[in-house]
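Model the full assembly from the supplied sequences, consistent with the hints where possible.
Number of protein chains: 2
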Amino acid sequence: MLKLYYAQNTCSLASHIALEDAGAEFSIHRLNIAANEHHALAYLAINPKARVPTLVTPSGILTETPAMLAYIAQTFPQAELAPLNDPYAFAKIQEFNSYLASTLHVAHAHRMRGNRWADDENAILAMKKKVPETVSACFAYIESEFLPGQFAVGDSYSIADPYLFTLATWMEGDGVDPSRFPKVYAHREMMRARPTVQKALHDQFAD
Amino acid sequence: MLKLYYAQNTCSLASHIALEDAGAEFSIHRLNIAANEHHALAYLAINPKARVPTLVTPSGILTETPAMLAYIAQTFPQAELAPLNDPYAFAKIQEFNSYLASTLHVAHAHRMRGNRWADDENAILAMKKKVPETVSACFAYIESEFLPGQFAVGDSYSIADPYLFTLATWMEGDGVDPSRFPKVYAHREMMRARPTVQKALHDQFAD
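Chains as they are written, first to last, in the numbering used here: chain A, 13 to 219; chain B, 13 to 219.
Incorrect hints may appear among the rest.
Copies of the same chain look alike in the list, so a pair counts if it fits in one copy or across any two.
Lysine-lysine pairs mimicking DSBU-like chemistry, simulated, CA-CA at most 30 Å apart [said to hold, decoys possible]:
#: 1; residue 1: K195; residue 2: K61
#: 2; residue 1: K142; residue 2: K195
#: 3; residue 1: K141; residue 2: K61
#: 4; residue 1: K15; residue 2: K140
#: 5; residue 1: K61; residue 2: K140
#: 6; residue 1: K61; residue 2: K142
#: 7; residue 1: K15; residue 2: K61
#: 8; residue 1: K211; residue 2: K140
#: 9; residue 1: K211; residue 2: K142
FYI, nobody ran anything at the bench for these hints, they're computed from the structure. Computed from a prediction, not measured in an experiment: that's the story for all the values here.
Given below as structure tokens:
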């Protein structure tokens with residue numbers, strides 16, 4: 013059985029939703045980041061990066077959201093979470109997810125995790141200040157180049173949708189005005205209404 | 013036919029090598045970043061992110077190195093550049109490539125591209141200062157958790173290898189001492205001796 017290590021309000025939610033979408037059997041284990049549980053030795057043995065999410069599979073351990081999402085899509089093909097037999101269409105979804113991981117999520121991380129990239133307090137403040145601009149630029153790109161209809165990429169629901177939804181829930185916290193991005197906003201509302209999203213959110217915040 | 017837009021000394025090299033490894037028919041088009049050719053209107057129409065690489069395929073345009081590498085592996089299965097029929101083994105390669113894109117390359121980018129994340133000159137200098145530490149931490153993780161033998165991930169050559177090689181050529185420029193990472197260093201030397209790597213490097217720097 014699969015086991016997802018997650019923390020609340022992190023990108024772990026994307027894989028959690030995808031596991032629900034896939035109809036997978038899985039368990040979840042919450043880490044309290046504020047209590048530093050991601051640095052506990054038992055967790056570091058599973059994920060030496062001390063980050064979430066981590067997915068324990070029957071074959072071994074996986075990290076990095078884009079890789080986990082593709083694994084879920086490929087392991088549960090009947091759920092049709094990616095166009096598995098069309099390398100170009102699959103790559104467009106991976107392109108989108110890779111952009112979310114390496115550009116949008118990274119822009120966002122400069123608000124709370126500036127100490128990853130500088131030690132100086134004023135530098136960390138300067139990074140924080142630019143976040144509304146950099147994150148808005150990412151959403152402007154997504155609004156312009158993706159979301160051709162109801163879904164993030166192409167005309168079907170895919171592993172791109174829970175990932176976009178997850179990062180789009182951070183807009184207000186990042187000082188981004190969602191009304192500037194009506195397609196992203198409509199996607200977020202559409203996603204929030206889905207039973208698999210509601211189930212994942214409920215389970216992540218249940219005690 | 014495929015067409016790769018690239019710039020010298022960028023992560024474009026990874027996809028270029030993979031195309032050589034795949035035995036693909038492709039052309040290359042060099043962009044001069046110093047001359048701002050990546051902001052020319054004709055290029056922005058192809059890649060509105062104004063970044064390299066971009067791969068023009070018969071089906072459409074692709075960006076983001078991890079997605080391009082997976083596309084190359086899937087489009088040329090006979091080259092065996094990824095374990096395409098094993099979702100977990102494929103995901104391990106994608107995990108590695110995603111880490112390179114969203115953590116190692118991002119750490120490196122704080123040396124020359126700090127203006128992406130802060131406007132203040134002192135903040136940009138503070139980011140630059142931390143790069144030897146952050147990039148070294150990434151290579152320490154790779155040295156410890158990957159490179160089980162000759163190759164980056166698993167026991168076969170894959171799309172992870174040209175990507176690691178490409179980013180490993182930046183170590184000295186980032187103030188990282190390669191002698192601290194003997195496995196990464198040996199991998200870089202092994203890669204540099206491969207004919208496909210020599211061909212890609214030659215073609216990228218030919219006039």
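Against the structure, the hints come out as follows:
{"no.": "1", "hint": "K195 x K61", "result": "between (34 Å within a copy, 19 Å between copies)"}
{"no.": "2", "hint": "K142 x K195", "result": "within (23 Å within a copy, 38 Å between copies)"}
{"no.": "3", "hint": "K141 x K61", "result": "both (27 Å within a copy, 22 Å between copies)"}
{"no.": "4", "hint": "K15 x K140", "result": "neither (34 Å within a copy, 38 Å between copies)"}
{"no.": "5", "hint": "K61 x K140", "result": "both (23 Å within a copy, 22 Å between copies)"}
{"no.": "6", "hint": "K61 x K142", "result": "both (26 Å within a copy, 18 Å between copies)"}
{"no.": "7", "hint": "K15 x K61", "result": "within (18 Å within a copy, 36 Å between copies)"}
{"no.": "8", "hint": "K211 x K140", "result": "neither (32 Å within a copy, 43 Å between copies)"}
{"no.": "9", "hint": "K211 x K142", "result": "neither (34 Å within a copy, 41 Å between copies)"}
The structure fails hints 4, 8 and 9 (numbered hints given earlier, in ascending order).
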